[in-house]
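Starting from the known structure of chain A, arrange chain B on it as the hints suggest.
Protein chains in written order, with the numbering used here: chain A, 1 to 312; chain B, 1 to 371.
No lab work stands behind these hints: they were computed from the structure.
Remember, it's a predicted structure, so these values are computed and weren't measured experimentally.
Where a beta carbon is used, it is the ideal one built from N, C-alpha and C, also for glycine.
Certain hints may be false.
As the list claims (entries may be wrong) - A few chain A residues that don't get close to chain B, going by computed Cβ distances all over 12 Å:
1) R39
2) D68
3) P69
4) Q88
5) N96
6) R110
7) L158
8) T163
9) L168
10) A268
Unchecked claim - If the Cβ cut is set under 7 Å, some of the chain A residues that face chain B in the computed set are:
11) L30
12) Y203
13) V212
14) H221
15) N225
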Amino acid sequence: MTVLGQYKRERIDALAAQAGQPEGEGGVSLTRSAFRRLRRDPVAITGAVIVLVFLAVAAFAPLLAPRDPITQYLLSEIRPGSIPGPRQGFPLGVDNLGRDLLSRLIWGSRQSLLIGFVSTVLGVLVGMTLGILAGAFGGWVDAVVMRFVDILLSIPGLLMAITVSVLLGQSQTSLMIAIAVTQVPIFARLLRGSMLAQRGSDYAVAARALGVRRGRIVFGHVLPNSLSPVIVQATLSLATAIIEAAALSFLGLGDPDIARPEWGAMLANAQDFLSVRPALAIWPALCIIVVALGFTLLGERLREALDPKFRR
Amino acid sequence: MTIESLPPGSSPPGSSPPGSWPDGDAHRTDVPVLEVDDLTVTFTRRGEQATRAVDGISFSVTPGETIGLVGESGCGKSVTSLAVMGLLPRRGVRIGGSVRFDGQELVGADQRRLRALRGADMAMVFQDPLSSLNPVVPIGTQVTEVLLEHRGMSRREAADEATRLLDRVGIPDPTRRLKEYPHQLSGGMRQRALIAMALACSPRLLIADEPTTALDVTIQAQILELLRELVVDSGTALVMITHDLGVVAGLCDRVHVMYAGKIIETADRHELFARPRQPYTGGLLASVPRLDAGRGVPLTPIRGSARDAIPWAEGCAFAPRCDNAQDDCLTEVAGSTVPLEYDGPGRELRCRHPLEHPSVGAGATAAGAAR
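Bound conformation, chain A alone (with noise of 0.2 Å):
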């Protein structure tokens, strides 16, 4: 037998020990590190940049709007067939009624915003519940909740809003209601079926085999390994939302107030003037689709950045 010398086993000790040490404290969950690779991916960050422009616009509002949304400044090249453009001390010119358009566009992003980020949670809340039922359960409750599910899911999204709106009467409030209804369905769905692939793993097995009861494993086990999925479609979610909520205020069932200024309901009353000033139009437009854009690229990077599949 060998025998090494002092100085070599005290090196060797030395750099098993080296060897051994973690590289930060503690553990690096499966998220963390999904967030990491977020944070060096170009795409997700235009999209995250781009959401929390819009979200720093909705807080400061108040701050940065040079103008009062609602006030109609008397400008006297203000009549039929002649909207004023942009000029000194109205940045992108002013409506048919003479209110500034930047005002309205920055104090917009609140209404589009709230209502996207409100219906969604609405939505994803009551999706997951159902969801939670039906993969938990299985059986007749998973059968009942999920053919209540194909039947809402069978309705166009945008019929189920403008009649759920039609229905709780015109106001911010049912407006949420109304696209949070459209987005239950997806949720419930996405959340069963991961749900199922996750109940049969072998992980819940092993968890059944020691013992832990049923509804630890749902709930520690089961929905925190199903969960990707949602937090991927809730962001791709809020696209969609913001888009329904210009639509449905598009089509005169958004949020009555006048003093809330909102993108679809600006685009709707510009479609009046569109041979004017077509500009009306196409900011609360530009607005609608780069936020969407935002939500829709952080959610796809998202997607990749969870899925087992990109993880090294």
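Showing chain B alone in chain A's frame:
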């Protein structure tokens, strides 16, 4: 109270073995922990023919004993273990026969009672350590979960105990490892963590379903050594499910060879390796590559695959692949299966034309020749 401080054979707090084995060095008693009697598992599906995955198998394990269930993929080993643990789905599965743990019948037992037994008195280690751990939950949470569930510990006690458990199964730096996620551990460490979880409540029966298949050879040896220590130290009854005859040779006292859902040969380890009687067992042994066989000597696999089995009701399921097969290996009378019969002390055999070994006792030879 730590696991180590427990006197061997005594029961940990929280679990409820009635102390059916004596204290002291001899854990071995003749009172079996687990008795499986004529177990059948049938998968039924509407509009399809039922599949019988396990077809009337019987075996028992006593404390401190290790038995092996050996066979190719698809012979019913894993289904047997899942049936014993009560982990098969209720729908589409019919279980017959009896599984008694400590004398209590488990087939058809209340789910709640089964759940209380699982993890506390009987535990299982699975084949793939990565997929058997929840990827999004730190190791520590998964280990403490068992302790909280069965041993009524506080979170703090459970965390301390989890550290001790990881230490006991040989995971270095357990405090740090508890905070880590499964993907940060090596394959061997994951399997050690799973064994730690299975050991958390000092179960009296441990079923290991191919625990070393997904690991490389050096780690395999360590894990097997760990399991052996466990059996010796605490008198656990161990059921090893494997297709690896090396594992059997290193660990098992008694071996049951399974084919197409039935046990076809039972023998002590030494007997089985020295004198395999079933041609299938002989084939399994012959298909292991040998170092002392010259280079260029071809391996001798068993012909065909497990799919070539014929129904037992038609005769011997192995007959289509068997070199010894003769006309009477197929039955004339439907339903008269080749029986599992006494084949010398401690041996049982299901075969009409077994392999002959010159040194086999006259009784066994006569039993074989009489057919």
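Results of checking the hints against the structure:
{"no.": "1", "hint": "R39", "verdict": "holds, 19 Å"}
{"no.": "2", "hint": "D68", "verdict": "holds, 49 Å"}
{"no.": "3", "hint": "P69", "verdict": "holds, 45 Å"}
{"no.": "4", "hint": "Q88", "verdict": "holds, 58 Å"}
{"no.": "5", "hint": "N96", "verdict": "holds, 54 Å"}
{"no.": "6", "hint": "R110", "verdict": "holds, 35 Å"}
{"no.": "7", "hint": "L158", "verdict": "holds, 36 Å"}
{"no.": "8", "hint": "T163", "verdict": "holds, 39 Å"}
{"no.": "9", "hint": "L168", "verdict": "holds, 38 Å"}
{"no.": "10", "hint": "A268", "verdict": "holds, 45 Å"}
{"no.": "11", "hint": "L30", "verdict": "holds, 6 Å"}
{"no.": "12", "hint": "Y203", "verdict": "holds, 4 Å"}
{"no.": "13", "hint": "V212", "verdict": "holds, 6 Å"}
{"no.": "14", "hint": "H221", "verdict": "holds, 5 Å"}
{"no.": "15", "hint": "N225", "verdict": "holds, 6 Å"}
Figure legend: structure checked against the earlier numbered hints; every hint is met.
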